[in-house]
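*Asks:* Let chain A serve as the given structure and place chain B on it in line with the hints.
From first to last, the protein sequence lines are chains A and B.
Oh and the first sequence: position 185 is 185 in this note's numbering, straight run, nothing missing.
Oh and the second sequence: position 224 is 224 in this note's numbering, straight run, nothing missing.
For the record, the hints were derived by calculation from the structure and aren't laboratory data.
Residues from chain B that keep clear of chain A, each with C-beta distances beyond 10 angstroms, as calculated:
(1) L48
(2) S54
(3) T93
(4) P112
(5) D180
(6) W203
(7) A228
(8) D267
(9) F311
Covered, in the sense of this in silico footprint (three residues per stretch, anywhere, with C-beta under 8 angstroms from a C-beta of chain A), are these stretches of chain B:
(10) 55-65
(11) 151-163
Ideal Cβ placement from N, Cα and C applies to all residues, glycine included.
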Amino acid sequence: MKKILALALAASLLAGAALAQTTLTLGLFEPLNEHVELVLPQFNALHPDVTVEIRTLGFGDHHDLLVTNLATGSGAADVVAIEIGYIARFVAEGGLRDLSEAPFEADRFADDFVDYAWAQGRTADGRQIAMPTDIAPGTLYYRRDHLEASGWTIDQVIESMDSFLDYGRELLGHGVFLVADAGSIAEGLIRSNVPAGDGIYFAADGTPQLNSERFLEAARIAQIVREEGMDAQIGAWSNEWYEAFRQGTTAVEISGAWLGGHLQTWMAPETSGLWGASNTPGEMLVSWGGSFYGIPTQTAEAKLDAAWDLVLFLTTNPEIQLEGLPHHQRLPRHAGHLRRPHVRRGARVPRRTASAHAVGRHRQPDPGRCHLPGRHDRRGDLRLRHGRDPQRGPRRSGCTRRSADVDPAAHPPLT
Amino acid sequence: MARTTTSPPPPVSLPRISWSTRFDKLQRRFAPFVFISPFFILFAIFGLFPIVFSMYLSLQEWNPIQGLGTMRYIGLENYTWLMGDPWFWRSITNTLWIAFASGIPQHLVAIPLAFALSRGIQSFRHPLTAAYFLPYITSAVAIALVFQTIFGTQFGILNQTLQYLATAPWSAWLFGGLADSLPVNWLGRAPNIKPAISLLVWWQFFGFNVVLYAAGLATIPKDYYEAAQIDGASGRQSFFHITLPLLRPMIFFAVTFTIIGNLQLFDQPFILTDGTGGTSQAGMTVAMYLYRTGFEWLEMGTAAAISWLLFLLIGTLTVIHFYFFGRSGLETRD
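Just chain A, same shape as in the assembly:
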């Protein structure tokens, strides 16, 4: 009841203010808000007639609420952030405006973005429904103190998967675990070398990939790590995980580049200076997370211009995008920004990695009746415990057919 009253009040206020001022709501999940709050004054300077009201929720709550709001047709923010784990379902199921159409005509920006990120926000029939804002190349974060104590160099460590495991064995002698969870190494391997057009779990034609070489190798390496006692068996996103970072219980963590942002803002800020970042071992090029901005269909027509300005400001403005780097290790989606020197010095961006969510991307925009998994959350935990069991395959008959219907010409291999 309170909510309805508040909404009614807000609506009447908006109606009054509409002539002079447009008020936009921006729905964010943590910690995206930190970046936006940082750059928002610049947007206000560019667009003094637009007031942006930020609504931030926790990661899960934000996306749950978004689903509810889209279902009931009201209550969603005018511009919403969507994490990659959720993007496929919005691409496939609708609820967001087609940004390829007038007045947005987003396609003119296609060349400016990293290809796979652009493709992740696009439906099979070529409607862009979300603009990528950051990509998350797989990165190895390592403790410099443990590296120095062991006498290794980082280049030796990441030379190959074998040398990486040898480093782990060396660390055991120093009483340090290589990683928090063997699963994170498997996670990286599963995400690397995904053939163009395929998803992580499914090939482009919908065949489950669980028994492919990628998965077998991931399981094999993870098993070695676990059996030789190189992992601390600490699950991600637990208090214990953060504590391990603070105390240096573990020597490395393989993750998306965004982990650095979490480390330096709240997980272990006191360990500042002890960390280094490098490519992942054995040159596995991995896409690991990322987020998007979209405009819900329920956003009022009158606000579309302002909403689009905000989306463009957050996704295509080079300076704004780069603001995210030092603070949150959010690497810009915008391809042009990646050529900047201080980005190039950073982690390598896997331009050739296939879409993590090709499954969702390849689904027909037709109300997706079939139920293909392929979800993984921000944690980037795959571990097969997330999402439905890919072995079970499509939920209802017709899914495979739909997937197979996709015209390969519409999806040229990512370059």
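*Replies:* Then chain B, alone, in the frame of chain A:
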């Protein structure tokens, strides 16, 4: 009225009823309904409608993102699909496993404890009862977060304690065997997840049962115990021959509560397994599967069907419980 039908007089001759009288009659007749209507209106909106709608929904296929217009009637397909769904059956067995493993010890501990509280340690009775009850009124999420830390592999206090017990000279004879398997990965390895969840649930709810049983014990007249004492019965005998039989109605009531509550378990496994159900879904209860089906995979129809199947399961177990224990539980004492 009968008078007017037998000899209808011209309408003008009727005595005029004033508007206020009419209103008075009307409001006398309807006022009770108006006064009681808020309950029924709220119940209809928040109680009845969701129940009826979820039953309707369970026969539909619906993706909530696309709005209400996209529902499609598919008959019983949601139910038949679930019957062949291995994850659904796994969630059922998980739920039953946890319900029994946490439910039975709750009562086995609560009854003797309540007995001890009521008989032995009189002076601490109320503070202790309150302390046992505290977990029940604490947020399940907060408790689960604390337990997540307790169950930690490297820094968790449970593993630290076991480590100490396995190595300390005074306890090594009993716990020494554990040394090889420490540290235990409580929440990361499939076989350990259900025991970990059960331990939490047991700890959270046994205090509630203690309070129930303490209340039940208070209704047992002291004369019985005195009479037994005079006859030379030991404390143990009076527990088994006086307390337990007279406590039966309360046991019946408390077990019914446990059955219903434990089968709807959601928060605790959800937090402990990070919302995923844990490795190989070893900690995924039916309620969690329902949530994930509805809100993660956006299959609202299937989720509604799961909720009705869960209702059936709870109903069946409760009926079985009533059938076997209902007579002794519900009959009067005297």
